[in-house]
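Asker: Read off the chains here:
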Amino acid sequence: MKKRSISLPRTSHTFDAYTNSEIRRAAETGIYDIRGGGSKRNLPNFDDLLFLGASISRYPLEGYRESCNTMVTLGDRFSSNPLKLDIPITIAGMSFGALSAQAKEALGRGASLVGTSTTTGDGGMTKEERGHSKQLVYQLLPSRYGMNPDDLRKADAIEIVVGQGAKPGGGGMLLGQKINDRVAEMRTLPKGIDQRSPCRHPDWTGPDDMEIKILELREITGWKVPIFVKVAGSRPFYDVALAAKSGADVVVVDGMQGGTAATQEVFIENVGIPTLACVRPAVKALQELGLHRKVQLIISGGIRNGADVAKAMALGADAVSIGSAALIALGDNDPRYQKDYEKLGTTAGSFDDWHEGLDPAGITTQDKKLAKRLDPKLGGRRLANYLNVMTMEAQTIARACGKNDLRNLEPEDLCALTVESAAMAGVPLAGTNWIPGT
Amino acid sequence: MGILDINKLSLREINNTLQGSDDNSSFSIKNPKGAHALAVGINKNINVKVLGSVGYYCAGMNKFSDIKIEGSAGPGLGENMMSGNIHVTGDVSQYAGASGHGGSILVEGNASSRCGISMKGIDIIIKGNVGHMSAFMAQKGNLVIFGNAGHALGDSIYEANIYVAGEVASLGTDCIEKKMTKKHRSNLENILSNADVSDYYLDNFKRFGSARSLYNFNVDNAKIY
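Residue numbers (my numbering), protein chains in the order written: chain U, 1 to 438; chain B, 1 to 225.
Source of the hints: derived by calculation from the structure; they are not laboratory data.
Every residue gets a Cβ at the ideal spot worked out from N, C-alpha and C, and that includes glycine.
Take the hints with a grain of salt, since some may be wrong.
In silico DSBU-like links for lysine-lysine, alpha-carbon gap of 30 Å or less [unchecked claim]:
#1 B:Lys183 to U:Lys154
#2 B:Lys44 to U:Lys134
#3 B:Lys30 to B:Lys63
#4 B:Lys63 to U:Lys154
#5 B:Lys127 to U:Lys224
#6 U:Lys154 to B:Lys127
#7 U:Lys191 to B:Lys140
#8 B:Lys8 to U:Lys127
#9 B:Lys183 to U:Lys191
#10 B:Lys68 to B:Lys127
#11 B:Lys127 to U:Lys127
#12 U:Lys191 to B:Lys49
#13 B:Lys30 to U:Lys224
#14 B:Lys68 to U:Lys191
#15 U:Lys245 to B:Lys8
A few chain B residues that don't get close to chain U, going by computed Cβ distances all over 12 Å [stated by the list, open to error]:
#16 Gly2
#17 Leu11
#18 Glu70
#19 Glu79
#20 Gln94
#21 Ser118
#22 His132
#23 Gln139
#24 Glu159
#25 Leu171
#26 Ser210
#27 Asp220
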């Protein structure tokens, strides 16, 4: 008998397996999905750029013999004690509360080993991170949880957080499961309740107010420490211009791949713009004000390796900042905990329910037993190794482009693989001299 | 008493003098002319009298000191203050006492919107009226209003107390009137006594605070956000 031909089962692009599972989950629970991390979409990113390298028109530097500077000074516009970092990779703000005390300590240890800074988060400054961070940036957030002038004066820099790449226009979220006694006390709130930090600062609204706020912070700290302003990647040209006009020493722009401790999935994936699209408008804003390199620009959101560092800097950033990648270096989503991840209904590499406090790696938790899984000394060493590798990778690329300083990398060293990334990064499509939009 | 004249000294010089002074010193600031960030970040037990009106963030992050403003104050008076006392003879603009952790603010006149926003332990006494959204997300401490309160009073309030002698235009989400217990009457008396306020009638005050129904997310509450 002749076998009949049949069509293969056809799945829908519109209603793919994840979408369908999310519809079923929403129907069952009646609540939007909350998770940690940044955008997981396949966004245009730094992988869409390539370095051209030196040739007849450019002279390369010898890989293992000629030096390539990685030091960067942040905040010398108005402050008398700017941050002097050995590498242009800083650790982004992550709160005690979202992270365990051990994780905060490990971040401080790792950053200090390689001569860079780490940053507090919502909830204030812990003794662990101050004690183990040679250079600590203290965040001023809308919630003002744990904010006090004594810690402000202990900080090496202050970062006014206006927005975060994972949730431009949104506030923080720390659910009751992670509010133990210590977290509750630091935030002056009852134990076990959901903490939804405001999306706006309580005592200013626009850039004119922010300028006076910066004046106040400088007066409290004697004009000694730099003031950073962190904005989410949404309208980088205008936001960076306004931050610089308001008197910031440093502007941090965080693209939508930047992580959060917890927020709505719909927010993470649908608000904001990719990190790649943030850099050139931010640089252009500073250039038009005559402030490029005078007000330093830090780019964050999905930075993973030395190539990303070099590309961000070639586009005009003075430094980058990492958060999610630093947590992975500490052990987040490590396959050695695969069985534990499976018990939580996920896999190593996919775990993002950071808000539930059940992190098998002991990083995004306040559970004492789980938190003990992370050895802060070992974690610090791992982070330092990773930061060193990123730095060496960036140097390798810079030397190949003939640059003896990472900050000498320039857009002319780059080309793009796609029309979209060429337009966003403002560099030519590979093999052409075409920059879309110019 | 030290005299600091804004016509003769820069803001930096004045704040530096105040921040570096010895405990129990006293200063008068002349010709403030609405200056911003005046007398901020003081960490000493000193007395400061400002002879005129001030701009934004006067006495911001104050610790220990007593500051009297003989005039009115702009936005963010005593923001994030930790301790000490601020006394304003005139009116205050938006966000007075925002996120204040401790100490007290006494305002003889009115306060604009968002008075006591995100307060975390401070006591604020307003002898006149307050604007809308006052005590928004107030976590701890006491806001005492002798006059009327604007719309959305105590929206999303946590564990702070609000005492109002006048009328309330409307209450914010999750803010309800609560019983004025013996404990709360005593609490109010102490707050007013500490601020040397005696011209009041305790029975006029009503107490407002959190219904605590939004402390943990419940999908059934989604419509009220």
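Asker: Measure nothing beyond the straight line between the CA atoms of Lys8 (chain B) and Lys127 (chain U); if it is 30 Å or shorter, mark the hint as holding.
Answerer: The given pair, whose Cα atoms are some 42 Å apart, is violated under the 30 Å limit.
Asker: Keeping to a limit of 30 Å between CA atoms, is the pair of Lys154 (chain U) and Lys127 (chain B) held or broken?
Answerer: violated (37 Å)
Asker: For the pair supplied as a hint, Lys68 (chain B) and Lys191 (chain U), confirm whether the alpha-carbon distance does not exceed 30 Å.
Answerer: Judged against 30 Å, a Cα distance of about 37 Å means the pair is violated.
Asker: Holds or violated: is the Cβ of Glu159 (chain B) farther than 12 Å from all Cβ atoms of chain U?
Answerer: Since the minimum Cβ distance to chain U is about 6 Å, Glu159 (chain B) lies within 12 Å and the statement is violated.
Asker: Is the hinted pair Lys68 (chain B) and Lys127 (chain B) satisfied, with a Cα-Cα distance of at most 30 Å?
Answerer: holds (15 Å)
Asker: Just double-check Glu79 (chain B) for me: nearest Cβ-Cβ distance to chain U has to come out over 12 Å.
Answerer: violated (5 Å)
Asker: Between the alpha carbons of Lys183 (chain B) and Lys154 (chain U), is the straight-line distance 30 Å or under?
Answerer: With Cα atoms ~39 Å apart, Lys183 (chain B) and Lys154 (chain U) exceed 30 Å; violated.
Asker: Within 30 Å, alpha carbon to alpha carbon, are Lys127 (chain B) and Lys127 (chain U)?
Answerer: Between Lys127 (chain B) and Lys127 (chain U) the Cα gap is close to 41 Å, so the pair fails against 30 Å, i.e. violated.
Asker: What's the verdict on Lys245 (chain U) and Lys8 (chain B), does the C-alpha distance respect the 30 Å limit or exceed it?
Answerer: holds (28 Å)
Asker: Assess, step by step, whether the Cα of Lys191 (chain U) is no farther than 30 Å from the Cα of Lys140 (chain B), and give holds or violated.
Answerer: holds (14 Å)
Asker: So if I understand the rule, the pair passes when the alpha-carbon distance is 30 Å or less; does Lys30 (chain B) with Lys224 (chain U) pass?
Answerer: This hinted pair holds, its Cα atoms lying about 27 Å apart.
Asker: Beyond 12 Å from chain U, beta-carbon-wise, is Gln139 (chain B)?
Answerer: violated (5 Å)
Figure legend: structure checked against the earlier numbered hints; hints not met, in rising order: 1, 5, 6, 8, 11, 12, 14, 17, 19, 20, 21, 23, 24, 26 and 27.
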